[in-house]
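Student: Those sequence lines, one after another, are chains A, B, C and D. When we follow the working numbering, the leftmost residue of the first sequence carries the number 1, and every step to the right adds one. When we follow the working numbering, the leftmost residue of the second sequence carries the number 1, and every step to the right adds one. When we follow the working numbering, the leftmost residue of the third sequence carries the number 1, and every step to the right adds one. When we follow the working numbering, the leftmost residue of the fourth sequence carries the number 1, and every step to the right adds one.
These are computed hints drawn from the structure, not numbers from a lab. Mixed in with the good hints, there may be bad ones.
You can't tell identical chains apart in this list, so a pair holds if it fits in one copy or across any two.
What the hints assert, rightly or not - Heads up, simulated SDA-like pairs for lysine to any residue below, C-alpha to C-alpha not over 25 angstroms straight-line:
#1 Lys54 - Glu25
#2 Lys54 - Gln13
#3 Lys54 - Gln107
#4 Lys54 - Ala122
#5 Lys54 - Ser32
#6 Lys54 - Leu44
#7 Lys54 - Arg125
#8 Lys54 - Thr111
#9 Lys54 - Gly11
#10 Lys54 - Phe113
#11 Lys54 - Gln120
#12 Lys54 - Ser9
#13 Lys54 - Arg26
#14 Lys54 - Glu21
#15 Lys54 - Ile33
#16 Lys54 - Gly30
These are the residues of each chain, in order.
Protein chains: 4
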Amino acid sequence: MTNTAPPRSPGHQALLAAAREEFAERGYGGASIRDIAQRAAVSLAALYHYYGSKQELLHALLDEGMDVYDQVSVDLLGTVGDDPAERLEALVEALVRFRGGPRGSSQLELTEFRSLGPEQHAALRARQAVATNRFRDVIDAGVALGLFRTPEPDDARRTIIAACNAIAQWWRPDGAITLDTLIDRYSSLALTVVEYRPRRIRAART
Amino acid sequence: MTNTAPPRSPGHQALLAAAREEFAERGYGGASIRDIAQRAAVSLAALYHYYGSKQELLHALLDEGMDVYDQVSVDLLGTVGDDPAERLEALVEALVRFRGGPRGSSQLELTEFRSLGPEQHAALRARQAVATNRFRDVIDAGVALGLFRTPEPDDARRTIIAACNAIAQWWRPDGAITLDTLIDRYSSLALTVVEYRPRRIRAART
Amino acid sequence: MTNTAPPRSPGHQALLAAAREEFAERGYGGASIRDIAQRAAVSLAALYHYYGSKQELLHALLDEGMDVYDQVSVDLLGTVGDDPAERLEALVEALVRFRGGPRGSSQLELTEFRSLGPEQHAALRARQAVATNRFRDVIDAGVALGLFRTPEPDDARRTIIAACNAIAQWWRPDGAITLDTLIDRYSSLALTVVEYRPRRIRAART
Amino acid sequence: MTNTAPPRSPGHQALLAAAREEFAERGYGGASIRDIAQRAAVSLAALYHYYGSKQELLHALLDEGMDVYDQVSVDLLGTVGDDPAERLEALVEALVRFRGGPRGSSQLELTEFRSLGPEQHAALRARQAVATNRFRDVIDAGVALGLFRTPEPDDARRTIIAACNAIAQWWRPDGAITLDTLIDRYSSLALTVVEYRPRRIRAART
DNA sequence: GATGAATGAGGATTCATTCAT
DNA sequence: GATGAATGAATCCTCATTCAT
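Build the full structure now, drawing on both the sequences and the hints.
Tutor: Pasting the structure below:
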């Protein structure tokens with residue numbers, strides 16, 4: 001597993017960053033491994049020393065993104081209790097942070113799966129399923145408790161995730177909206193989407 | 001304007017279909033123009049007779065998609081009255097139908113803008129803005145009338161559109177869910193997202 | 001023989017002019033028959049209606065150049081008497097006028113022979129030999145009469161022709177030097193090269 | 001500067017020779033880079049490893065020709081004294097040797113400038129101007145000293161250079177005339193063209 | 001551990017040319 | 001007589017990758 005022992009040599013990191021940018025700008029098929037090496041100020045042969053192929057580089061990139069996202073998700077879930085609403089907010093925050101992170105990483109995760117080989121594809125699909133299930137579990141729990149009234153929990157989940165994903169497409173860190181603002185808004189939006197109805201709101205807010 | 005006089009020669013249509021599939025499967029950069037021609041059962045030189053370059057082919061493809069989407073949107077809006085809720089539902093139906101349409105067309109619209117030249121990029125951006133504005137206008141109207149209570153109409157709009165867009169990624173026409181079902185669900189979801197509160201609710205719910 | 005009945009239809013002339021320019025700018029191999037047609041404002045198929053191939057077009061071009069050059073040479077020779085010096089001056093004038101004529105025509109004559117097929121190559125070589133022989137005959141006559149003292153009439157001839165040919169490379173009609181000035185200078189130079197020594201110079205100059 | 005550190009790897013040299021021949025036979029536009037590689041017994045990709053483009057290959061070729069010509073010119077000038085006549089003869093010898101050298105190199109220098117990019121074009125133009133100026137300086141010096149009586153030193157210079165250049169077109173090393181003979185003849189011819197009149201001729205001829 | 005040289009396959013595109021209309 | 005459509009071959013060049021050093 002590459003994610004248990006993340007490769008953090010300077011060469012690796014420079015290459016991953018360069019690859020992220022190139023892939024994001026031109027797509028996997030359009031990116032040139034030469035340009036990636038040059039962008040990382042690394043010799044072409046050195047790139048092949050680190051990563052055996054273009055696909056492997058893509059996989060490492062996507063995998064590393066997943067590492068980060070998983071880490072943030074787990075960390076944030078650790079700061080909240082059992083309340084599904086709170087947990088959903090934590091997951092939304094993690095996803096917004098991820099999609100608002102280093103340019104490109106995020107879009108790649110969405111579109112360049114097809115460029116992976118079958119094994120790597122399956123591996124990442126599995127990791128993605130884990131991330132999806134974190135949402136599913138929380139939403140299902142909320143529904144089970146009667147806190148989330150949405151009649152279609154699956155569509156609600158997909159909507160929430162899609163909305164967060166889309167952030168990568170339009171939000172810019174140097175724009176008027178801060179990431180924290182975004183987190184607030186999308187947390188709230190997520191609760192709207194699942195049709196959150198808190199219990200005993202009177203007592204709670206007193 | 002290519003959209004006023006759509007090129008519907010058999011060669012054009014076969015090439016657009018083939019290009020749609022290839023681009024969808026491999027990405028613009030990864031697709032081979034040779035393979036596209038072969039898939040369309042057209043000679044390579046004939047392809048260049050129709051479309052001057054790979055980029056132009058992509059542009060024609062995306063532009064044609066926009067033609068269809070625009071057409072459906074306008075048609076469906078024509079079937080409803082002034083009620084923003086109805087109009088929003090019409091727009092959602094149009095988008096769901098579009099995203100559920102021919103495989104690929106839809107995803108391309110989302111990711112391969114970068115592969116266009118500056119002019120074509122701008123041209124499609126403009127068309128996309130028109131489509132976005134249809135949603136914006138309807139949502140803003142609903143908010144102005146007090147029918148939509150969402151505090152963040154922009155995020156609501158983005159969420160609705162992102163949710164519909166995502167359909168292209170997971171929904172399959174041969175699956176358990178019909179497109180009509182999807183339209184119902186996402187129309188309802190959209191109203192949830194904008195926090196629709198119909199007037200005279202007292203009478204209705206009594 | 002194309003030179004006895006020169007094809008002077010408007011289409012022909014436009015194509016020859018366009019071809020002259022394209023060939024001159026890009027060389028025969030580098031020129032595109034499409035660009036030539038476009039430059040002549042003639043459809044590609046029309047070009048092929050006039051000239052059966054790229055080579056044929058080149059041949060017609062070179063041949064037409066030869067027509068003009070031959071014509072001028074013969075005309076000018078007709079205006080002078082038997083004196084080899086006068087005749088040499090006439091030939092130089094004809095050649096300078098030709099090399100100073102429509103851009104390109106002239107350079108082509110020098111370099112693009114190789115691009116012709118064997119037959120056309122031979123045909124033009126023969127015409128070129130005729131032109132060369134006009135110089136040879138005049139110089140040999142001058143030498144025989146003791147008017148031209150050059151010990152190497154062949155080299156003298158080549159030098160004179162080369163000098164005139166080179167005019168096409170550096171002289172511009174819109175520059176400071178007029179073509180008539182050039183004719184004077186190169187006539188004189190030619191006489192220098194053949195080491196002209198007029199007879200009875202005493203009487204003449206008295 | 002490529003001329004200070006001439007690339008003399010075997011691959012480079014083989015490619016330059018092959019390119020010289022191909023370009024000479026077919027012209028720059030008509031030559032195929034594949035054929036050049038094949039002629040040099042080098043893989044196509046290796047060619048591109050050495051020279052980034054067809055143009056670059058042409059430039060290297062012309063540049064190398066200039067290197068040789070410059071070298072010979074300077075060397076031969078070093079063997080003579082200050083006498084303009086002697087110096088002119090040295091320059092003529094250098095040019096005749098160059099034009100009589102490896103087939104093609106020479107013709108290319110004359111016609112394929114147009115095929116270079118603007119920068120390379122300018123670079124070679126500059127080198128060519130240096131070579132031209134060597135002639136100009138010597139001829140002007142001869143005129144200033146009253147040794148060369150030509151009334152048009154510029155035309156004389158152009159004529160001498162054109163005559164020597166033309167050698168590449170007709171002279172063959174395996175013909176009846178040796179290069180040394182040619183050198184003698186053209187040196188003499190050059191002095192005729194500048195109308196050389198040695199001082200104290202009476203004493204010398206007595 | 002790192003690299004410059006080398007390569008075969010394939011990239012997009014343009015070529016001169018033909019032919020049905 | 002004139003042309004738009006179509007084509008197979010060839011264009012220059014770049015690709016991801018390997019290997020001797």
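Student: Checking against the hints above, which ones are violated?
Tutor: none
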